[in-house]
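Using the hints provided, position chains B, C and D relative to the given structure of chain A.
Next come the chains, spelled out residue by residue.
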Amino acid sequence: MKGASRYLPSIPVLLAYAALFVFGLLNPGRWQLVAQLAFYCALGQAFNLFMGMTGYVDFGYVAFLGIGTYGMAISISELADKGLGLGVIVIGLILSVVFAVLLSLAVGAVALRLRGAYFAIATIGVNEGFRYLIEGARIWNGSEGIIFSRQLREMVGREAAMSLSTFWADVMVFGVAVIATVLTIVYMRGKIGYALAALRMDEDAAKVMGINVTRFKIIAFITSAALAGLLGATAWALKLTYVFPADVFGIHYTVEAIIIVLLGGAGTLLGPIVGGLIYGVSKYYLAVYLPGFQLLVFAPVIIVVIVLFPEGTVGMIKRKLIGTALEKYIL
Amino acid sequence: MSLLRVENVTKRFGGLVAVDNVTMEIAHGEMMAIVGPNGAGKTTLFNLINGVFFADEGKIWFEDVDVTHYPAYKRAHMGIGRTFQISRPFASATVQENIAIGAMFGAAGSETNVDQAMEMADHYIGLIGLSSHRDKLAGGLTPIEKKMMEIARALAMKPRLLLMDEAMAGMNPKDIDKMVDFIKRIRSEEGIAIVALVEHIMRAVAGLAERVLVMHQGAKLVDEPTKIALSDPRVIEVYLGVPPGEADA
Amino acid sequence: MKKTMFLALILSAVFFCAATVLAAELPNKIVIGNPEALSGSQAKAGEQAVGGIKATIKWVNTVHGGVKVGGKKIPLDYKFYDCESKREAVTSLLERLITVDKVNFIMAPYSSSLTLAGAPVAEKYGILYMDHGGASDKIFTQGFRYIVQTIGPGTRYHTGTLDMLKKKDPAAKRLALAYKDDEFARSVMEGTEAHAKKLGYEIVFKRTYPPTVNDLTPLLSDMKASRPDIVLGGGHLADGQLLTQQMADLGIQTKALSILAAVTLPAFQNALKGKADGVMGPSHWEYGVTFSKEKALKAKQTWVGPSQDEFVKLFKEAIGMDLRPEYHAAEAAAAVLSLVLAVEKANSLDSDKVRAAMGDLKFTSFYGGWAIDKTGMQVGHDMIDAQWQNGKLVIVWPEAAATSALQYPKPAFK
Amino acid sequence: MILEQLAGNLFQGVVLGTVYGMATMGLSLIFGVLKVVNVGHGAFIMVGAFTSFAVFEYLGLSPVFAIPVAFGIGMALGMIFYYSSIRRLLKGPELASLLATFSFGVILEEGVKFLFTSDFRGFNWDLGKIDMGFTVLPYAKVAACLGSVIIAVLLYLWFNKTRAGMAMRSVVEDGVGARVCGVNVDWEYALSFSLGIGLTVASGVLLTMFVSVGINPYMGGEYTLKAFVVAVLGGLASPYGAFFGGLVFGLLENGSYTLFAQIPGLEPFAMTRFFSFLILLLILLLRPTGLLKAK
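Quick mapping for you: the protein sequence lines, in order, are chains A, B, C and D.
Each step along the first sequence adds one to the number in my numbering, with nothing skipped, and position 50 is 50.
Each step along the second sequence adds one to the number in my numbering, with nothing skipped, and position 219 is 219.
Each step along the third sequence adds one to the number in my numbering, with nothing skipped, and position 314 is 314.
Each step along the fourth sequence adds one to the number in my numbering, with nothing skipped, and position 169 is 169.
Bound conformation, chain A alone:
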C-alpha cells in the first residue's frame, strides 16, 4: 500500500466520531451521554497507542490523566485573576501535556526496562506511589484537592464557564480522540509502527534487526501519556471543575481503558472506538434499567466476550473481511 491510500482506514474511525458528534448536536438532551462515550473512546484511543502497539500493559496509566487534571487545575486556580481570559485554558492544556510528558519520562526510565507482569506491577506502583506522595507531602493541597469552579466562573463569566463545562470541554475531548486517531494511523503506517509491531511480536529479534526498541517504546509511551494528560485537562478538569487525588488516581480507570481496548481489539485503529461505544452504551443502559445490579451483569459478560473473541470485535471483523473490498478500510 503506497502513498495516501495507506491512510484509508482512518476514514471509518473519523466518520464514526463525526456521526457521534452530530448525533450529540441534534439531540442536545443526550449530549452528556455523547460526551461520556467520547471520553471512553478517546481514553481507548490514547491507551491503545501505547498498550495496543507495544503489548505492554500500563496499569498505572490513569496517573497521566490525573496529572493532566492537575495541570489544568493549577493553571486556573493560580492564574484566574491575572486577566488572561481564555489564555489560561491554553496554558492549562500546555501545562497538562508538560506534566504528563515529564511523568512519563520518569516512569519510562524506570518501568520500560521491565516486561510483562513486572512492567504492569511497576506502573501500578508508580501510580499509587505518586498519589501517596501528593497526599503525604501535601503537594497541591494534598488530599483536599483543588476546587476551582469559582475561579473559572470569575475568569470567563458565568455563562461561558457553564458552556465550557457542559459543552466545550466535551468538544475538546472529541479533539483529543481525533488527534489520537490521527497519531495512531501515522505511527502504524510509519517506521515506528513496524518497529513496535516487531518488538510486540519478538523483542529480542527486533533488537537484532537494528530496532532501537527503547527509543520507539519511549516515543509511543510519551505520546500516549501526553494524550492522557490532555484528556485529564479536558474531560476531568474543565468538565468537573475540581480535582481530588483519590478520584483522579483511581485504578479502575485503567481497568476501564483495558476493557475498552480489549473489547474493540488491541493494536487496531478502529478497536478503541468500537470498544468505547459498546462499553459506554451498555453501561449506560444497564445503569438505567438495572440500577444497583449492572456490574453483576456486566462482569460475566466481559469474561464471555474475552473467552469467545480474544482478538476483540474489530479483530474478528478484520478476519472476516480479508479478501473483500472493505479490507483496506479496516485496521
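I should point out that these hints are in silico values taken from the structure, not numbers from a laboratory.
Don't take every hint at face value.
Said to hold, decoys possible - A short, non-exhaustive set of chain A residues, derived as facing chain C with CB atoms under 7 Å: (1) 25; (2) 29; (3) 160; (4) 162; (5) 288; (6) 291.
Claimed, not checked - Once the Cα atoms are required to be at most 35 Å apart in a straight line, the calculated DSBU-like pairs of lysine-lysine come out as: (7) B:74 x D:129; (8) C:362 x C:124; (9) B:136 x A:191; (10) A:320 x B:136; (11) C:72 x C:167; (12) A:82 x C:374; (13) C:72 x C:374.
Virtual Cβ for every residue (Gly too), placed ideally from N, Cα, C.
Frame of chain A, contents of chains B, C and D only:
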C-alpha cells in the same frame, strides 16, 4: 584491515564457561564456517558478536571500532546481520513486511522510508523465490520457507557481515546443495562476509567455507583453511567421539 | 423519525412552560430524579439514601396527601439510576433524568465528589440540585445557584463535642486529632482545630491516615505517647471501627473518644460490642433523637414529615429489609421534605422560584432543624452527639435533645 | 522514647507481616505456575473475611474453624473459574487473563453485596492481650500470626514431601519437562489455581483475626495493591518468597512511620505508602527476582 576482530572473549553463565577465551578474525567478503558439536558455544559466540549478550572479558572490534559495549541494534546499524537457529519470524506480519522491517532498520535504515523498504522487500522476496507468499503471514510458512525469509530479512538490512545460525539444519542433501549455491551467489552479488554456524553437515562446510573454525567446550580448537581443518585429527576426534582417558579433561 | 422527536421535544417544552404559567395545566405528578451511588465505594450511603427518599415520598403521597400546588394536590414520584460511584456516569445520567425523564428536581448522589461532578450540568439546565450527602464547605463558595444542602457543613461536626467536653471537664486540656485523609474529614479537622484553639485546648497530636487503611497501629502508638485526655477523629465507616478496635487493642485509655460517622451506625456496635461503650460520635441524626411535632409546635416551629417511628417503619417497607435507617437516610428524607415545603410555598414547580422560596424556609422534622444561608449551605441543622452506654446509643448533646447524661470519663475498653 | 516506639512498631510489623505474607502466597503460587496475575486477589480475601464473619456470627464458632471452610470455598471457586475461563485464556494475550481475574473480583464483590448488603461488618473476638512494655499485643493477633506460620509450613511440607506437591513444583520449574515426565499439566494448572485461591480466601479469615472490623464487599482493593508489593519483594513467582516479602513489608511499613513522623509537614501514614511503592520500584529495577534469590 579485518572486518571483525574478536580478542580473548569469554562469557560465563553462572559456573558454566560458554565461550572460553576465543580469538578470531574475519576479512571483508570472506566466507567462514564455525563448526562444533551441540553446546560447543557457537551460538553464544554469535550472540556476543551481534550484541545479544555482552562479553565478560575481551574485546570485539568491527571495522576497527570497539563495539564490545554496543547494544545489538547499534551493531545492526553498523552492518552486522543475523539469522537464528530456530527461526524467529514476526509471525503476524506478512512476509513482505518482515523483510521490509530489515530494510527499514538495518544498516541502510536511516535512508530508507516505508515505501522504499517495501520495494526492497519485493526484490529480496524474488531473490529467495517466495514471490507467491508475499502477502502471507509469516507464521504460516513452512520451516524451510521461514529460514529463507529470515535470510532475506537479514540481507535487506544491507549487512557487511552476515551471521547465519544453522541455516541448513533439517534439510535434505538436495536442498542443502541448493542452499549452498544460494549463499555463494548472494555473497558474490552483495559482496559481504558470511560466517555460518554448522553443527554437523560437513557436506555444506566443504562446499561453502574457505576457512573453518572448530569449537569445543567453549574454546577454539582449530582455525585453518577448510581442507586442513577437516582433516585435523582433533576435529575428527571431536566429531567421532572422545577417546577414553580424555573424557574427564 | 428524528424530526418528529425533535418536534415533540419542542412541543413538550412549550407545553411544560405553559404548564408552569397556567397552574390549571399542572402535571399529574412531580418527579424527583436521583443518579445515586448504588454500587462502588459509596454504595452503602447510596442504598440508605434511596430508602429514605422512597419512605418520605410514600409519606408525602399517603399522609400528606401530595404536594399542594395551584390548588391541586399532586403526588411525588421518584426516578433513580445507579452512577456506580463514578463521576462520568453522574453527568450523563443526570442529563437523562432532566431531558428524557423530565424530572422536576434532582437529588444529588452521595459524597462531595459526586455532588460536585453533577453541579455544572444542574446549573446548565437550571434545575434545583439537592445536596444530601456532600458535606464539603467548599461546594458553597463556588457560586453555584441551584445547589441546596441538607447535610451539615463539615467544619461544624466536632465543634459541639468540644463545647460539651469543655463544660463537663475544663481541666482536660490535652487534645489529640486523628482523622482520615480525605477532603471531608480534613474539613472537619480544620473546623475542630480552630474551635479547639478558641476554647483553649492544647493540641498534643494531629495526624491523618490514608482512606484505605487496614492497620493503624503505628499511628496509635505515636498518639499513645502524647498522652491525650480527649481523642477526636475518624472519617467514615470502616476506619472508625478500626480506630476504636485498635485503640482498645493497644490499651489507649482516654477520658473521651469521639469518632465521625461510624459510631452512630448500628454496625459499629454490632462489630465492637462492649468496646463501643463510652465511645461518642457527632451525627446529623440518630434513631432516638427527641425531635417531635409537639415540641416543635410548642417552640413555634414549622413541623413537617413523619414522626421518627413512622419514618423507620416506612423505611423498612421501602427497602424490604429489616434494617434500621441511618443518618444518610434521614438527611435524604429531610431534603425531600424541604422540597415539598418550598414547592408549596412558591406555589410553583419552577426551580428558580422554588430555590427562592427555600432561601427563607425554616422547618423542623424528625431530622431536626433545616435552614440555609444565601449560598445554599445548611445552617439550621445542629449536630447532635451520641454515645454508646451499655450497648445502647443515647443522645448526650445538645442538652435540649439529650436522652441521657454524658458518661464521663469514658469507661475502660471491655 | 522514639526508639521504644520504633521497637514497638517493628515488633507489630513482624506480626502483621506474617499475615501479609500468608495473604500473598496464593497470588505468587498462581503467578508462578500459570503466569497469570490475579488482579481480583483482594476480592477473594474479602470472601474469606465474610466467611469468618458468618462462622462467628451465625454459627457462634471461633474464626479458627472458618479457616478450613474458607479454604474449601476458595478451592471450589478456583476450580469453577479455572475450568470456565482461565483455562481457555492461558494461550491468549496476558491482557485477557488480567481482565478475567478482574471480572472475577467484580462478580464476587457484587455477589457478596447482593447477599450481605454493602454494610460494614465486624465481630468481637476477644482473647485478652499481653502488655510487653513497649507495645501491647492482643492474643487474637498472636493467633493470626501463628496460623499464618502453620499454614506456610504445611504448604512447604506438601510441596516437598508429597508426590502431588512435587508434581506441581515440577510444573513451576519446567512445564515442558513435566509434561514429558508424565505430569498432567492441565490438572496441575487447575489444582494450583484453586490451591492459590483457597490459600487467598483462607488468608481473609486470618486477616479478620488480626483486625475483625471493617468487613465489607469492597474491602479487597487495598489488599490487592499490598499483595503486589509483597509478591514483588518475594520474587513474584515463589510462595515462600511471598511469605518472606510479607515480613519485610510489615517491617518497612511500620518502621518507616516512625521515621516520617519526625519530619514536620509530612503526613507520615501516607508517606509510608509512598515509601513502600518506592521500594517496590527499586526492587523491580535492581533485583526483579526478589530479595531472597541471588541473581
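Against the structure, the hints:
no.: 1; hint: 25; verdict: violated (12 Å)
no.: 2; hint: 29; verdict: holds (3 Å)
no.: 3; hint: 160; verdict: violated (12 Å)
no.: 4; hint: 162; verdict: holds (5 Å)
no.: 5; hint: 288; verdict: holds (5 Å)
no.: 6; hint: 291; verdict: holds (4 Å)
no.: 7; hint: B:74 x D:129; verdict: violated (65 Å)
no.: 8; hint: C:362 x C:124; verdict: holds (27 Å)
no.: 9; hint: B:136 x A:191; verdict: holds (20 Å)
no.: 10; hint: A:320 x B:136; verdict: holds (16 Å)
no.: 11; hint: C:72 x C:167; verdict: violated (51 Å)
no.: 12; hint: A:82 x C:374; verdict: holds (28 Å)
no.: 13; hint: C:72 x C:374; verdict: holds (30 Å)
Comparing the model with each earlier hint shows violations of hints 1, 3, 7 and 11; every other hint is respected.
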